[in-house]
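Asks: Sequence:
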Amino acid sequence: MSKRKSTTGGVNTNKRPRPTVDEDEEDEEEQHVTESDLEGLVLSKRFQCTSDVVSDAGIVKSITLKNFMCHSLLGPFAFGSNVNFVVGNNGSGKSAILTALIVALGGNAQATNRGSSLKGFVKEGESAAEVSITLLNQGRDAYKLEVYGPAITIDLRITREGLRTYKLRNKSGNVVSTKKEELVSILDNFNIQVNNPVSVLTQEMSKYFLHSKGEGDKYKFFLKATQLDQMREDFVYIKATKKITMEKVEEYGECLKELKRKYHEKAERYKSLASLSEMQTNLEDLQKQMAWALVAELERELEPLKEKLQANRRSTEKYDEKVNEWKSKVEEAEQEYKQIQEQLEGIALQVQELQPKCAELKAEAQKRNNTLKSCEFTVKRCRNNLLDLEKDKARLNSRIKDLTLSISQTIGAESQARKEHMKQITTELENINLQISTLGQQIDQFEHASSLAKEEKAKMKREYDALNKSIEANRRKLQTMESSRSNRLRRFGEHMPALLNAIEEAYRKGHFKHKPRGPLGYLIGLKDPELALAVEVCLKFLLVAFACDNYEDEKVLKGLMSRVYTAGQRPTIITSQFLQHVHDTRKRAVNHPQYPSVLQALEIEDPVVANCLIDQRRIESVLLIKNRTDARRVMQCRNPPANCTQAFSKDGDQIYTNRNYSSDQSRAIYLSGDVEEEIRHLQRELENQKGQEARFQQHMRKLDEDISQNEKLLRRVFMEQRAAKGKATKMELDLKDLQNVEEPQSQDLKPLEEDLQEVVAKISSKREEYEEAKIKMANLKEDYEKADQEYKQHKERISTITEEADSIKEELSKIDQEVMKCRHHKKHYDDKRSAHLQNIQALEAQLKSKEENLAASIAKASEICPERLEVCRTARSIDSEINRLKVKITTQQKQQGDTEEIVREFHEASENYKTMSQQMKCLNRFIQTLDKDMNFRLQVYADIRKFLSARCKYYFNCMLAQRGYTGSMTFDHKNETLTISDMVNRRISMDMMLKVAASQRFRQFIFLTPQNMSSLPVSETIRILRLKDPDRGQNNAQRSQD
2 MSKRKSTTGG VNTNKRPRPT VDEDEEDEEE QHVTESDLEG LVLSKRFQCT SDVVSDAGIV
62 KSITLKNFMC HSLLGPFAFG SNVNFVVGNN GSGKSAILTA LIVALGGNAQ ATNRGSSLKG
122 FVKEGESAAE VSITLLNQGR DAYKLEVYGP AITIDLRITR EGLRTYKLRN KSGNVVSTKK
182 EELVSILDNF NIQVNNPVSV LTQEMSKYFL HSKGEGDKYK FFLKATQLDQ MREDFVYIKA
242 TKKITMEKVE EYGECLKELK RKYHEKAERY KSLASLSEMQ TNLEDLQKQM AWALVAELER
302 ELEPLKEKLQ ANRRSTEKYD EKVNEWKSKV EEAEQEYKQI QEQLEGIALQ VQELQPKCAE
362 LKAEAQKRNN TLKSCEFTVK RCRNNLLDLE KDKARLNSRI KDLTLSISQT IGAESQARKE
422 HMKQITTELE NINLQISTLG QQIDQFEHAS SLAKEEKAKM KREYDALNKS IEANRRKLQT
482 MESSRSNRLR RFGEHMPALL NAIEEAYRKG HFKHKPRGPL GYLIGLKDPE LALAVEVCLK
542 FLLVAFACDN YEDEKVLKGL MSRVYTAGQR PTIITSQFLQ HVHDTRKRAV NHPQYPSVLQ
602 ALEIEDPVVA NCLIDQRRIE SVLLIKNRTD ARRVMQCRNP PANCTQAFSK DGDQIYTNRN
662 YSSDQSRAIY LSGDVEEEIR HLQRELENQK GQEARFQQHM RKLDEDISQN EKLLRRVFME
722 QRAAKGKATK MELDLKDLQN VEEPQSQDLK PLEEDLQEVV AKISSKREEY EEAKIKMANL
782 KEDYEKADQE YKQHKERIST ITEEADSIKE ELSKIDQEVM KCRHHKKHYD DKRSAHLQNI
842 QALEAQLKSK EENLAASIAK ASEICPERLE VCRTARSIDS EINRLKVKIT TQQKQQGDTE
902 EIVREFHEAS ENYKTMSQQM KCLNRFIQTL DKDMNFRLQV YADIRKFLSA RCKYYFNCML
962 AQRGYTGSMT FDHKNETLTI SDMVNRRISM DMMLKVAASQ RFRQFIFLTP QNMSSLPVSE
1022 TIRILRLKDP DRGQNNAQRS QD
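Quick note on numbering: the sequence shown equals residues 2 to 1043 in the working numbering.
Keep in mind that the hints were calculated from the coordinates and are not lab data.
There could be a bad hint or two in this list.
[To be verified] Restricting the straight-line Cα-Cα distance to at most 25 Å, the calculated cross-link-like pairs of lysine-lysine (DSS-like) are: (1) 368 x 782; (2) 363 x 782; (3) 726 x 737; (4) 763 x 737; (5) 889 x 219; (6) 381 x 787; (7) 793 x 358; (8) 833 x 328; (9) 455 x 510; (10) 368 x 455; (11) 933 x 249; (12) 221 x 822; (13) 691 x 258; (14) 947 x 221; (15) 541 x 516; (16) 225 x 703; (17) 319 x 822; (18) 651 x 455; (19) 528 x 339; (20) 168 x 145; (21) 381 x 947; (22) 651 x 528; (23) 221 x 249; (24) 815 x 559; (25) 261 x 922; (26) 124 x 793; (27) 368 x 381; (28) 330 x 588; (29) 394 x 691; (30) 249 x 922; (31) 703 x 691.
Because the structure is a prediction, the values reported are computed rather than measured.
With the hints as constraints, model all of the structure from the sequences given.
Replies: Encoded structure:
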């Protein structure tokens, strides 16, 4: 235990606690100590002595408080090794320091008289309070010096919920322990007694002691301060334990009597045993005969078993021939399938190579067609111009002829007016022709725009119809998924639950020899949900397929499907014999260190389902590799994995050693583990599709409006063009009439003749241009027809190759069915051969077992009787006689008792009696020793109490005499009372404690007082710690808490 006290008091070197005083909250008048008294104490010779030996074990070196009571931060405060004064006004934190010392050193909240729970010490608004105390650990009483070093730091943390945690650190700050038991060991080593008022005297305890008028209370205080009450409680506990032990001893005494009675009873039976040797001898003879009779029967049973085994071994060759026959057929079919597949891949590659050239030829043909159309337009324009010039030439010739034959006449006012009118009509006619040309261009534009809009609408309509089909399909999927929340079977089709119910009913009625399994996807699980899409793409239609054991069950199942599936595609049925064990695929399975096969990635409880997938899809040789790049790297390297035929990525891509295919399926349908996620995905996709549908509808409405607007404008422009043409025709007729009426003068012939010559020249030029355009058009037409013919031939070639590929696909499908059929037959005979071999193995095992049993029987019989006996009787008759003899022996043993049982019970009773007797003797000796030790300790307790009370009287009288006071202290140990004739005031008690502190430098004293100690002189043995005055708000909170 410690030699120091680490709270507000001191502890002496002989492990006797010294009182500590808390004067924090008393009135200044009651706590007053005169400066002259303090000065006299400080100048005492004992304070100046330097020869005393000071022990540093258990000294409180420093203390720090954070968020404790109403203080955010107090300290760190460094204490001296002898006398310490903590000085401060009310509310400055003296009570907080005392309370923190008590709590940090293991005291409970009630011991502080500051609250009923530790959580009350956490500052308001904070989550936790922290206290850190450093104890010196030096000298001969140091605790684990090699672990903690010269100082031990105790860190306490109190949470708002009242949880207290400790961290015990060494000199370097490293945590050594967090257990309170370690703290208790430290306090015991330093003799730090937090709950002892002599070591830590709180304000409430001092008030209670000073103001208590009950002599019994003072006596209890005396017992607690001297730890006599603990000794007395130990005595009470020992007496109670002794009483319980004595009661147990009395109970054991009764048991001992019963054991003694049983012991004598078993001894009498042991002595009265009779011999049964004659019947035992006969029984042994019969058992010898029985042993060799069993050997003879086993030898007779071996003969037919050996003959059956030989016959089965001879029939094995027939099964081997069938298996080899179908194996060769499977290999031939697979080879043919491989050749056709390679041919199909070659055709696909050829088509893929021809497609770019086809597109190039098509573009070239379209280009030449456009050039041809442009040239045709030019030829048409030249022809029209030539016709117009011919008309102009004819009109001019007619006009010149008319002018030549007409009689000149006088140009009058009427002729001049007619010319003006003709000029006006010509101008208006040119404007109308220009308007007609403009309207024609508008008609072409509107017709082109309307045509484009109709083409875009048709394209949008096709896309809209495809979108509606997709929406309807997703809506059905969503309904299936939502219904699969309660019934996962609905994922495999809305009719699947009804089909399974029908199968269950038919099986219950005995229509099936073996219950069909299916759908296969419902009977498998995934170890890794991320591989769901890959497994679905790999297994395809097998997920909704059913497995039957025989063709009769298949026929019954087809009938059930026809009733349930009235329309639409029905699930596939696979017929193969059911086995109760999974195929051994170790020799032909792929084993990759990083990636699993489909068989390894699936959880399949039913061997029938596993065998079906192995037979139909060879799932043991298909790898699942999540990353597409890794899959290509693994499969298309120089050394692909052994026994691996293909691999699938998590996105459904199919990778072979020399090619790969992308998957059209984007999400798992049947094996998805998270139904809610699939439902949410379908809902989001439906929402997107509905939004896309709305945009399609809006766009189509816009196209309809554009088409309607264009057609409306087109009709209006057609009407305007028709009206303009009618007006132009009328004006041309009027102009002709005026021209016919007019009789031009002879001087008008010259311009007409000049115009005629100009028209003739134009006709010649235009004719040459027309002929050149015709030649060019013919050349272009020839080029176009040649390019178009080449394009059609190339396209026809692709079509021919595609048709050839379709026929090859049909042939490939037939070969695939043939491969499946051959595999089925091969598997059938493999199964029969395996069953036959298993039967042979079973017979061999049975023969071996019987031979081993025979050898064991011979060995056992030899042990029983080394010389073989020729027994004529059967083992059954011998066994009956043995049973009759055993019954007879048992009956006699029941009358007398079993010999071994009687001997065993006798020895057990003897041993139990001796053990219990020895235990009783030990307990009695222990009780006697305990009584002797208790009497001695009670005497010592009385002596210690007498000695301590005498010391208390002596120190009491000495202290009063030194101060010039008189008083008396009377101890009544019989009535447990303590009488003190005079209750001195606080100042006298303070003087006495200061005087004691001055005389004992090897103890540490910490005094808490609101008085000003500035009058004390500076000394190495005294230290004054002054606390800051509190803020008004903090002071009010402190006082309310105090």
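Asks: Now tell me if each hint is right for this structure.
Replies: Here's how the hints hold up against the structure:
Between residue 368 and residue 782 the alpha-carbon distance is near 12 Å, which keeps this suggested pair within the 25 Å criterion. Simply put, residue 363 and residue 782 have alpha-carbon atoms about 16 Å apart, close enough for the 25 Å limit, and the pair holds. At roughly 16 Å between alpha-carbon atoms, residue 726 and residue 737 fall within 25 Å of each other, so this suggested pair holds. Note on residue 763 and residue 737: the hinted pairing holds, with a Cα-Cα distance of about 23 Å set against a maximum of 25 Å.
This hinted pair does not check out: residue 889 and residue 219 have alpha carbons roughly 87 Å apart, beyond 25 Å. Of the pairs offered as hints, the one joining residue 381 and residue 787 holds, with about 23 Å between alpha carbons and a cut-off of 25 Å not exceeded. With a CA separation close to 12 Å, the supplied pair residue 793 and residue 358 stays within the 25 Å bound. A threshold of 25 Å between alpha carbons decides the hint, and for residue 833 with residue 328 the separation of about 14 Å falls inside it, so the pair holds.
Between residue 455 and residue 510 the alpha-carbon distance is near 64 Å, which puts this suggested pair outside the 25 Å criterion. At roughly 24 Å between alpha-carbon atoms, residue 368 and residue 455 fall within 25 Å of each other, so this suggested pair holds. Of the supplied pair hints, the one linking residue 933 and residue 249 holds, its CA atoms being roughly 20 Å apart against a limit of 25 Å. For a cut-off of 25 Å, the pair hint linking residue 221 to residue 822 is broken: about 104 Å separates their Cα positions.
Distance check on the hinted pair: residue 691 and residue 258 sit about 97 Å apart at the alpha-carbon level, beyond 25 Å; violated. Pair hint residue 947 plus residue 221 holds up; C-alpha atoms about 15 Å apart against a cutoff of 25 Å. Restraint check: the Cα-Cα separation between residue 541 and residue 516 comes to about 23 Å, which is no more than 25 Å; the hinted pair holds. With a C-alpha separation of about 102 Å, the suggested pair residue 225 and residue 703 falls outside the 25 Å cut-off, and the hint is violated.
Restraint check for residue 319 and residue 822: satisfied, since their Cα atoms lie roughly 21 Å apart, inside the 25 Å limit. Proximity of residue 651 to residue 455 is assessed by CA-CA distance (about 43 Å); at most 25 Å being required, the pair is judged violated. Of the pairs offered as hints, the one joining residue 528 and residue 339 is violated, with about 33 Å between alpha carbons and a cut-off of 25 Å exceeded. Between residue 168 and residue 145, the direct Cα distance comes to roughly 16 Å. Compliance with the 25 Å bound is thereby established for this hinted pair.
This hinted pair does not check out: residue 381 and residue 947 have alpha carbons roughly 149 Å apart, beyond 25 Å. Under the criterion of a C-alpha separation no larger than 25 Å, the hint pairing residue 651 with residue 528 is consistent with the structure, at around 14 Å. The suggested pairing of residue 221 with residue 249 is violated, with an alpha-carbon distance near 35 Å, which exceeds 25 Å. At roughly 22 Å between alpha-carbon atoms, residue 815 and residue 559 fall within 25 Å of each other, so this suggested pair holds.
Taken as a hint, the residue 261 and residue 922 pair is honoured in the structure, with Cα atoms around 15 Å apart against an allowance of 25 Å. Pair hint residue 124 plus residue 793 does not hold up; C-alpha atoms about 96 Å apart against a cutoff of 25 Å. A distance of roughly 20 Å separates the Cα atoms of residue 368 and residue 381; the hinted pair therefore holds under the 25 Å criterion. A distance of roughly 21 Å separates the Cα atoms of residue 330 and residue 588; the hinted pair therefore holds under the 25 Å criterion.
For the hint pairing residue 394 with residue 691, the CA-to-CA distance comes to about 69 Å; that exceeds 25 Å, so the pair is violated. Between the alpha carbons of residue 249 and residue 922 the distance comes to roughly 13 Å, so the proposed pair stays at or under 25 Å and holds. About 18 Å separates the Cα atoms of residue 703 and residue 691, which keeps this hinted pair within 25 Å; it holds.
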